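Visitor: Given next are the chains, with one letter for each unit.
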Amino acid sequence: MIPEEWRLTQDRADFLFDLLSRGVLGLFIVLALFPIYWMVMISLRNPEEIGTSDPSYFVLSLDELRTVVFEGDLDLLASEVDFANYVDMWDQIPLLEFYVNSLIIAGVTTVLALAVAILGGYAFSRHSFPGKRYIGGALLATQMIPGVLILLPMFLLFIWIQTETPFKVVDTYHGIIFVYMTFTVPVAIWMLRGFFDSIPASMEEAARVDGCTRFQALYRVALPMAAPGIAATGMFVFLTAFNEVLFAGILAGGEVTPFSIGISRFQTQQTTYWGQMMAASSVATIPIIILFALFQRPIVEGLTEGGVKQ
Amino acid sequence: MAGSNFDIRQRISAVTDRVPAVRKHVPSLGIGDRLPFYRRLSGGQRFAYRLLLPALAAMTIVHFIPILWGLTISTMGVDLTYASHWYDAPFVGLDHFRYVLGIENFDDVLVSDTVVGERYRNALKNSVIFSVGTLVVTYVLGLTAALVLNQKFKGRFVARTLLLLPWVAPVVVSLYVWRMMFTQQGIINQTLLTIGLIDEPMFFLIGDNSMWALIFAHSWTQFPLVMIFLYAGLQSIPKQLYEAAAIDGAGRWGKFRYVTMPQLKPVSAVIVLLMLLWTMINYTAPFVLLGGAPPKQANVAILYIENYAFGNSQFGRGAAMSVVLFLIAMVMAMVYYRYLFDDETTGAGA
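Top line first, the protein sequences correspond to chains A and B. Going by my numbering, the first residue of the first sequence is number 1, and it counts up by one from there. Going by my numbering, the first residue of the second sequence is number 1, and it counts up by one from there.
Any given hint might turn out to be false.
If the Cβ cut is set under 7 Å, some of the chain B residues that face chain A in the computed set are [what the hints assert, rightly or not]: (1) Phe47; (2) Ser84; (3) Leu163; (4) Val177; (5) Met180; (6) Ile302.
Pairwise CB distance ranges (calculated) [as the list claims (entries may be wrong)]: (7) A/Phe15 to B/Arg121: 50 to 56 Å; (8) A/Arg265 to B/Leu241: 54 to 60 Å; (9) B/Lys296 to A/Pro200: 52 to 58 Å; (10) A/Glu255 to B/Leu241: 56 to 62 Å; (11) B/Pro54 to A/Pro200: 25 to 31 Å.
Just so you know, the hints here were simulated from the structure itself, not pulled from any lab data. Note that the structure is predicted; figures quoted are calculated from it, not measured. Note that CB positions come from ideal geometry on N, CA and C, so glycine has one too.
Okay, chain A solo, but in the shape it has when bound (with noise of 0.2 Å):
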């Protein structure tokens, strides 16, 4: 028999069920932290270290961890952890380059983007309009579009472009950014548009009441409403522009090659310079966490808005 004390009562069983969801919990934030974690990890080791089969999940081995913490050796530390990588990466490949255009390249489709898009979300908010549903359709039937559909007669465009006629458009800025801001534009008119319907349009109706053309009253009355809106749909289109790799590859591969691209130049024929590369990666994404952690609520929102609308 149980004993009385054991028994499982509602409490207990509620204590045993948080201990459970919490332990759950730990386990997927290790899942999600710690590629990140080992990024950082091996872009701080010394190159010659990564490849031997020591499996320290820590720059310094488990000795060497007990050195550090018991005897307070912390030049120790200091000898071990490494930043050759961070040294050496620039001379390994031109990453700063790749970094520019990628940075000249995400930024500038960022702002062509939202540009086009605040007008788009904005008449889907306030608006309706014949062939609204029809127009709202074909924004969501190009996500089902796969890449190479497009890149095929794109890059038989623009090599016509190029070849036919005086403009340069393969391996340019504007060649590449144009796509990229088409690309994007739907999903942030669908965004921008989330946002524009969670302010209301009393404040709007009062100014073209005091005499403010529509246009005015978007600019200076919306616009700065939805400030943390469209910062979100900016870095949602940032970041899809800097992961791009498609169509990167073809149309931009030579001279404005970005960081996505690119980066894959730590690997040769002979080797592959994981801590370079990670330390490269590293430099790319801190600066994005940072972001996100700024801006994470209208992002979250923005992205589950239509969603859970439907």
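Given chain A, work out where chain B should sit, using these hints.
Guide: Okay, now just chain B, sitting in the frame of chain A:
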């Protein structure tokens, strides 16, 4: 005067076009119905069209025209010779489609081309496995994470932020990290060796395991999205439903089974469809994780098409392959919707 009639109509519609319910009851003036389309619009509607114009123009150039164009060149023999003047390429009808779908073999093409059709169909199968596999993994991970996040505890906001990081970190970077961890000397092999689960390093990125590695790495970058959708869905479930279920004697499982899951159905429907389609046409994950020469077990269609079309300058046939992939995605979406909305029990799905 005709003009004054028009002014009246415009003034009425200025009031009524915001309120569709009222609009129905305003009698038609008759004259407005005969005006051209653009003049029939209210000021607000014209304004909306003007705002949408840049977006529609850009999408026409980069989406709608290329799709029609892609359909066109999928019926033409566009290869390297015709790359800069595709319009001169010969019309081949549906030959490309018959060929890539294996309906017919052609004598006039290279011998090795027979293999291409087979590889392509194998790649299509891989795409479906990749898509469904990712869906299952992300949904299970996302739902579990959303459920544990949905309880009240200190630091929930921090936990949510941390769980979103895999999705925030640049995908290209994350996938290279996974690629590194999956190597023979990588941390996953090292850990498994230390625990003693395996005796010698496994190959994750080549051979039979590569599809699993691909699904798992891609799911790692995507599960936070599923999680946040389902979490938002969980948050919007009215508390009264749980109270009512408790009165009816439902325990934890009962509440989950009869309240949570049915209430999550609409949100799930959206995210399931998005995950299926997005994974089906995802290029970044297989490209970064498996590189230029992917193993045949994990060579998904979009990767194969890109490699084949640009590697062999077979743009016409590549377009035909992409059209087939697009149609499969469309059919999947339609079958899914039909199933979802015909199912009486979903109710809330619409």
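Visitor: Confirm or reject each hint.
Guide: So, going through the hints one by one against the coordinates:
1. Phe47: holds (5 Å)
2. Ser84: With a minimum Cβ separation of about 4 Å from chain A (threshold 7 Å), the hint on B/Ser84 holds.
3. Leu163: holds (5 Å)
4. Val177: holds (5 Å)
5. Met180: holds (5 Å)
6. Ile302: holds (6 Å)
7. A/Phe15 to B/Arg121: 50 to 56 Å: For A/Phe15 and B/Arg121 the Cβ distance comes to about 55 Å; the hint holds.
8. A/Arg265 to B/Leu241: 54 to 60 Å: For A/Arg265 and B/Leu241 the Cβ distance comes to about 55 Å; the hint holds.
9. B/Lys296 to A/Pro200: 52 to 58 Å: holds (57 Å)
10. A/Glu255 to B/Leu241: 56 to 62 Å: Given range 56 to 62 Å: holds, Cβ gap about 59 Å.
11. B/Pro54 to A/Pro200: 25 to 31 Å: holds (26 Å)
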